[in-house]
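There are 2 protein chains.
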Amino acid sequence: MQVTPELLSAFPSLKPLPPATLARLAQESEVRKFARRGVVMTAGVREEFVCFLFEGRLQGVDFTIDGREVGLYFVEPGDFCGELGMFDHGPQPEFVIALTAAVTVFVPMESLRLVTMENPVLLKLLGQRLAARVRQLTRQRSLLGLPNISQRVCCQLWLLVSDDARQHLQSSVINNPPTHMEIAIMLNLSRETVSRVFQILQTRNIVRRDGTSLLHVSDSAALKRLADGSEEL
Amino acid sequence: MQVTPELLSAFPSLKPLPPATLARLAQESEVRKFARRGVVMTAGVREEFVCFLFEGRLQGVDFTIDGREVGLYFVEPGDFCGELGMFDHGPQPEFVIALTAAVTVFVPMESLRLVTMENPVLLKLLGQRLAARVRQLTRQRSLLGLPNISQRVCCQLWLLVSDDARQHLQSSVINNPPTHMEIAIMLNLSRETVSRVFQILQTRNIVRRDGTSLLHVSDSAALKRLADGSEEL
DNA sequence: TTAGCTGAGTGACTACAATCACATAGTAGC
DNA sequence: GCTACTATGTGATTGTAGTCACTCAGCTAA
Chain A
52 MQVTPELLSA FPSLKPLPPA TLARLAQESE VRKFARRGVV MTAGVREEFV CFLFEGRLQG
112 VDFTIDGREV GLYFVEPGDF CGELGMFDHG PQPEFVIALT AAVTVFVPME SLRLVTMENP
172 VLLKLLGQRL AARVRQLTRQ RSLLGLPNIS QRVCCQLWLL VSDDARQHLQ SSVINNPPTH
232 MEIAIMLNLS RETVSRVFQI LQTRNIVRRD GTSLLHVSDS AALKRLADGS EEL
Chain B
52 MQVTPELLSA FPSLKPLPPA TLARLAQESE VRKFARRGVV MTAGVREEFV CFLFEGRLQG
112 VDFTIDGREV GLYFVEPGDF CGELGMFDHG PQPEFVIALT AAVTVFVPME SLRLVTMENP
172 VLLKLLGQRL AARVRQLTRQ RSLLGLPNIS QRVCCQLWLL VSDDARQHLQ SSVINNPPTH
232 MEIAIMLNLS RETVSRVFQI LQTRNIVRRD GTSLLHVSDS AALKRLADGS EEL
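First to last, the sequence lines map onto chains A and B. Position in the first sequence counted from 1, then plus 51, gives you the working numbering. Position in the second sequence counted from 1, then plus 51, gives you the working numbering.
Keep in mind that the hints were calculated from the coordinates and are not lab data. Some clues are possibly wrong.
[Stated by the list, open to error] Below, in silico cross-link-like pairs of lysine to aspartate or glutamate (EDC-like), each with a Cα-Cα straight-line distance of 20 Å or less:
#	chain 1	residue 1	chain 2	residue 2
1	B	Lys175	A	Glu120
2	A	Lys175	B	Asp270
3	A	Lys175	B	Glu99
4	B	Lys175	A	Glu106
5	B	Lys175	A	Glu169
[What the hints assert, rightly or not] If you want the footprint, here are the derived chain A segments under chain B, 3+ residues with CB under 8 Å:
#	segment
6	104-115
7	149-159
8	188-195
9	251-257
Being a predicted model, the structure only gives us computed values, none of them experimental. Where a beta carbon is used, it is the ideal one built from N, C-alpha and C, also for glycine.
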């Protein structure tokens, strides 16, 4: 399918580029659609594209030697993934799969590399982005160190709450919340354990489910206390 | 203490820089020595230096909310740490502590930033380095997903084995191996558990301790099998 | 409507790693 | 040498999360 420069400029990281550059990139890029559970990027393969997510939700996942799934991060619309090879020409370290049906734009890595040479702004953005990834991985790692399981779940939930709700301890809504299974693989837990924690949170009126695509966080303050360990579940 | 350009050029990442640049950097840098357990970098602080390790061994560590220590990575001589702020001016995400007495060179981040503008080679190196860090964090994360504890320990041990010993399944030696405690915090285990796994490995003649600073891996093939799960302990 | 699928809730049981509480061995400093 | 400290080894006990085996709810596609 045809990619227009306008489509590309919908992505915050590409927006600063000059129109001519966007036009060139657009010509070389392609739209790819994925069904739920589709494999967007394959681990160990030198993917020659950076994947920009237009619609849907992706997840970076890895597998342990014994086949267990490990959740790494989520990709939200406007964001991108598969950019690691931009820096070291190495293979994609993890799988990226579609959690929902997704629309993406694949931009060839080599073209993007040329663009960064002329546009330091993009290079800088990519660097910041990679740094953010390291910070996220580090935070997630220290989350896994928590010996208390419900605290781990609450911390993860807390990270999904919007920034301003976190700041002002307001009640808020999480759109398209991850399934229990998805949370479980992020936190090294079994699905059942996550389910049991959610049960407690719900009976305590801290969170409330609303259909499959909404999760209300009614009592942000309590969730925060559980997340930072000042209160036990 | 005075830093000479020669000292700086001992670091692989700085070696490619022109002598004049090295001389300038050397003037602005300083040697800092740390005792065992000394804090090299503090989490949450905007450290204005990149730390190059000359002698000794450092470890990046974080702490969970409840105060538990979490091991993230090791820094070996010739390598550096604290470079994340180069990309996004953000604070240092984790602590770095000295595992042994250590000699380091602190290079001001701002000077290094200026140098990268004139020397794309350094910029590229930094990017590769950050990418390597992401890969390492990802690998470590999937290690934590292993449900079998001895496999986890063996995997970690396997990562400490030198590359060519890994390739050819030769017996090899790990210099200054991490203590059981250091391994434990990297793998989310208790010290005792690590100790018990080592006991089994030793009675099976797979590894052998030689004083405090050497660990012989006598049976690399067995270690590999244990690491990849084709054999159980 | 029905079938089929995925996600979620729940009880019973169990394995296993953490914890505690020591003992012992190295090493470093004086 | 002696002392102090850190690293390591080991048993007993216990808590707790994983696993298994279900049921149930909600969605969607024939």
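Going down the list of hints, with the structure as the test:
This hinted pair does not check out: B/Lys175 and A/Glu120 have alpha carbons roughly 33 Å apart, beyond 20 Å. In summary, the hint linking A/Lys175 to B/Asp270 is not supported, as the alpha carbons are separated by about 46 Å, beyond the 20 Å threshold. Distance restraint check for A/Lys175 and B/Glu99: the Cα-Cα separation of roughly 19 Å lies within the 20 Å cut-off, and the hinted pair is therefore satisfied. For the given pair, B/Lys175 sits about 32 Å from A/Glu106 by alpha-carbon distance, which is inconsistent with the 20 Å threshold.
A C-alpha spacing of about 15 Å is found between B/Lys175 and A/Glu169, which places the hinted pair at or below 20 Å, so the restraint holds. Check on the segment 104-115 of chain A: 3 of its residues sit with their Cβ under 8 Å from a Cβ of chain B, so the three-residue criterion for coverage holds. For the segment 149-159 of chain A, the stated coverage by chain B is not satisfied: 0 residues place a CB nearer than 8 Å to a CB of that chain, which falls below the threshold of 3. Only when three residues or more bring their CB closer than 8 Å to a CB of chain B does the claim for the segment 188-195 of chain A stand; here the count is 8, and the claim holds.
Counting residues of the segment 251-257 of chain A whose beta carbon lies closer than 8 Å to any beta carbon of chain B gives 0, which falls short of the minimum of three for the stated coverage.
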